[in-house]
Amino acid sequence: MLHGITRACSLGLVLSAVATCVLAEMQDQEVFWTAPAATGVEAQRAQEDLYLNLFNTGRLRFKLVPMGDHKRLEDVMRDQGAWVGPMTEPVAAMLCAVNGSGCNLTTAPVAQAQITDHGAHVAGLVGVGQNWTVGKNDLVWIPDVEIVQVSTPAPAENDARVEIRGLNVQNRCLSADYCVNDYQPDIPGWNVKGRLREVVVATRDAEGQGRALKLIPELNARIELSEDPLPDYQSIKSQNSLPYDFRDPSFLKLDAGIGAGIVGTFSIESQSTTSDSNVHALSGYQREPLSEHSQKLFDHFCNTQLHGSCPDLSDKNLDGLVIGVMDQTPEHRHCDLDINAKVLVDNEFVPTQASGEADDDAASTDTAVGCDTMRLAGQVQGIDHGTHVLGIIAAPQNQRGISGLLGGFEDLSYLLIPFSETDGVLIDEAKARQLADAIDSAGSLNVSVINLSFSYNLRNIRRADKIGEAIKKWHPSILFVVAAGKGGNLFTAPPVSFGQPDELPPCLSPPACYASHVENIIGVVGLETDQDNLKLLHNLSDPTQFRTNYGASVFDIGAPARDILSTVGVDGFGPLSGTSQAAPQVTAAAALLKKISGANPIQVRQRLTYTARMSMDSIDKINGGALDATAALRIDKDWLHMADNCKVAGEFITLVRVLDGTPQEGSFDIVPNDQGPWRYVPKFDMRRIHWNADENKGVFFFRDGRNFTRMVASYLSAQGKQHFLRMRVDRASEDCADSVKPGSVAEFQLSQVVDYISQMD
54 MLHGITRACS LGLVLSAVAT CVLAEMQDQE VFWTAPAATG VEAQRAQEDL
104 YLNLFNTGRL RFKLVPMGDH KRLEDVMRDQ GAWVGPMTEP VAAMLCAVNG
154 SGCNLTTAPV AQAQITDHGA HVAGLVGVGQ NWTVGKNDLV WIPDVEIVQV
204 STPAPAENDA RVEIRGLNVQ NRCLSADYCV NDYQPDIPGW NVKGRLREVV
254 VATRDAEGQG RALKLIPELN ARIELSEDPL PDYQSIKSQN SLPYDFRDPS
304 FLKLDAGIGA GIVGTFSIES QSTTSDSNVH ALSGYQREPL SEHSQKLFDH
354 FCNTQLHGSC PDLSDKNLDG LVIGVMDQTP EHRHCDLDIN AKVLVDNEFV
404 PTQASGEADD DAASTDTAVG CDTMRLAGQV QGIDHGTHVL GIIAAPQNQR
454 GISGLLGGFE DLSYLLIPFS ETDGVLIDEA KARQLADAID SAGSLNVSVI
504 NLSFSYNLRN IRRADKIGEA IKKWHPSILF VVAAGKGGNL FTAPPVSFGQ
554 PDELPPCLSP PACYASHVEN IIGVVGLETD QDNLKLLHNL SDPTQFRTNY
604 GASVFDIGAP ARDILSTVGV DGFGPLSGTS QAAPQVTAAA ALLKKISGAN
654 PIQVRQRLTY TARMSMDSID KINGGALDAT AALRIDKDWL HMADNCKVAG
704 EFITLVRVLD GTPQEGSFDI VPNDQGPWRY VPKFDMRRIH WNADENKGVF
754 FFRDGRNFTR MVASYLSAQG KQHFLRMRVD RASEDCADSV KPGSVAEFQL
804 SQVVDYISQM D
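For what it's worth, this note's numbering labels the leading residue of the sequence shown as 54, then goes sequentially.
Incorrect hints may have been included.
Calculated cross-link-like contacts (lysine to any residue; reagent style SDA-like; alpha-carbon spacing at most 25 Å) [what the hints assert, rightly or not]:
{"#": "1", "residue 1": "K116", "residue 2": "Q223"}
{"#": "2", "residue 1": "K700", "residue 2": "D689"}
{"#": "3", "residue 1": "K700", "residue 2": "D595"}
Estimated spans, in silico, between C-beta atoms of each pair [to be verified]:
{"#": "4", "residue 1": "A790", "residue 2": "S473", "range": "16 to 24 Å"}
{"#": "5", "residue 1": "A790", "residue 2": "I436", "range": "54 to 62 Å"}
{"#": "6", "residue 1": "S797", "residue 2": "Q775", "range": "18 to 26 Å"}
Honestly, the hints are just simulated from the structure, not real lab data.
Heads up, the beta-carbon is just placed ideally off N, CA and C, and yes, glycines get one too.
Work out the full structure, taking the sequences as your base and the hints as a guide.
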């Protein structure tokens with residue numbers, strides 16, 4: 054528990070009284086923290102929560118101390134009174150980050166259920182190996198906090214097995230205004246700094262009065278907080294490349310879970326630089342408390358590095374848009390998931406409590422809930438999977454927590470179909486039939502897109518896959534967005550056909566592997582969060598070991614998949630990584646595109662694929678590239694990006710070929726790089742050109758009869774230099790020539806076109 058004493062609150066002994074103090078009104082704050090520590094695990098959890106939450110909010114002061122004769126930093130921590138008992142690995146990882154080259158610590162996430170030795174660590178990050186390289190004369194950074202251990206009494210049984218004589222009570226003061234009583238038995242080594250006391254029973258005090266009292270260890274500390282991140286952080290960050298930005302508005306609030314409670318209200322209003330007049334559905338995330346995390350998601354979603362901002366869709370009518378999520382049942386009481394949703398219960402979709410009548414225990418809209426509990430990656434459990442996936446799509450813009458990608462749009466509804474989140478789960482025919490019926494039920498309620506962030510395997514592979522057949526059945530109206538899976542395997546199949554669906558092929562990881570044959574499935578691979586490059590999600594220690602399945606003949610598109618922050622528990626937010634987090638981003642874009650354009654699932658799949666952010670380095674891994682919702686939603690304009698960074702939106706008029714000085718209408722003549730025959734592509738069949746002048750080749754998407762073809766190719770002969778795209782300009786960027794202005798008709802040399810994307814059919 055944190056007890057607050059500030060200039061904004063009256064001074065005095067704060068033990069149980071509740072004081073209301075707002076951090077935004079003060080410069081400095083003195084708080085007192087206390088936590089029970091009856092067991093080693095309880096002591097570890099309390100100290101870990103304290104330090105990590107203060108660190109993640111930019112408020113943990115550090116000091117430099119000598120290493121001395123100690124070999125490990127945790128020994129220094131105990132000697133300095135900054136830690137009691139065995140240290141946890143997440144705190145050791147924090148100390149390693151702060152001390153940079155002085156430590157080499159390899160960590161791996163682990164769930165609470167996997168812990169076997171609670172004396173060594175608790176759930177979170179588990180150390181694979183620590184190697185402290187600091188010397189005895191070196192100075193090291195440790196938290197500038199002294200944890201005072203006291204023992205507090207509680208009633209005990211009269212037949213206590215341990216009798217302790219000479220019990221004394223000492224008054225220990227952490228400041229002039231905050232003191233605690235310490236019940237001390239006469240036991241050798243009782244007050245060794247850094248060693249956790251035992252729970253003992255005293256049956257006689259110093260005056261010889263007989264009574265049975267259980268003495269329970271309790272941890273106390275006095276902590277000074279500052280409203281702004283400390284200069285020390287910036288100094289440490291510049292020296293050791295800390296992966297934290299302490300100017301992030303999301304770090305300006307104390308976690309309501311520190312030490313299991315706070316006396317008083319600790320909050321700061323999120324500072325938004327965006328005026329309400331400039332806010333629309335895809336920019337309103339900037340008013341959310343965790344806006345810095347949401348911004349990363351929206352920047353990738355809209356490809357703001359290229360387009361500058363997300364599109365304003367304020368004039369679009371999304372009324373009646375229904376989105377399905379087949380996943381583990383999300384926690385409908387989450388404080389940031391107050392959405393219009395129905396969940397499948399006994400073959401019937403019923404309103405969730407967040408969108409209907411909430412019970413007395415529901416936390417979805419209770420203002421008493423902090424809605425700001427930040428969890429580390431290792432603290433997010435598998436049970437949070439469905440809640441996390443739904444939050445990426447749907448968390449509303451309500452000045453709480455985060456914003457989902459569709460959180461700024463009203464009149465949307467969601468259908469939630471429960472399913473195990475375990476990747477590759479084995480299901481029997483009855484379960485498959487149940488899920489197939491659920492898809493049919495969702496289809497009858499006019500669901501537009503269904504997200505499937507999981508894979509499964511059939512118990513009897515000789516039986517028809519009822520789930521796959523149900524997906525295929527709804528090809529005229531429902532697009533299924535499917536996570537590629539985390540196996541790191543290359544999937545190969547015949548080229549994707551967008552004609553009539555064939556029979557379901559043999560498939561080892563359905564439903565993702567059906568994407569090459571089922572026209573209303575779009576497969577999504579996981580990508581690293583790098584806007585300058587397009588890389589598959591991989592192990593950080595070995596970039597050649599992918600954490601996503603891939604293959605251009607099966608998977609059309611990718612999206613960021615590392616450390617995506619979303620909703621967890623009932624009031625928390627935490628990061629997860631994987632293709633499960635990539636798929637809902639594509640689901641959000643697909644739902645918008647399908648509703649706004651009125652296109653069928655096949656057309657939406659095509660559009661998302663050929664408008665993606667592309668790279669020649671990934672052409673064998675993804676059919677398209679990284680999701681670019683801005684390009685996909687620009688449905689009524691053709692778009693050019695030239696080598697001089699001129700960007701033009703308008704209407705493609707024709708392709709002009711100059712032969713012997715005479716302009717003529719031409720076509721796109723390209724030669725595939727696999728040495729196949731050259732292709733003649735009529736000018737209005739071309740949908741995308743992504744050209745790499747250094748390699749003299751590009752990626753071409755074009756309509757090929759009833760099908761849709763991708764080809765890696767080069768221009769025939771010097772065609773690129775002889776041909777010009779003629780366009781009627783609607784909008785032009787500042788980098789364009791003065792002659793290229795709205796209302797004009799301009800010509801652009803084909804060989805200088807970096808990207809061309811046609812408007813939607």
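Could you work out which earlier hints the structure fails to respect and list their numbers in ascending sequence?
1, 3 and 4
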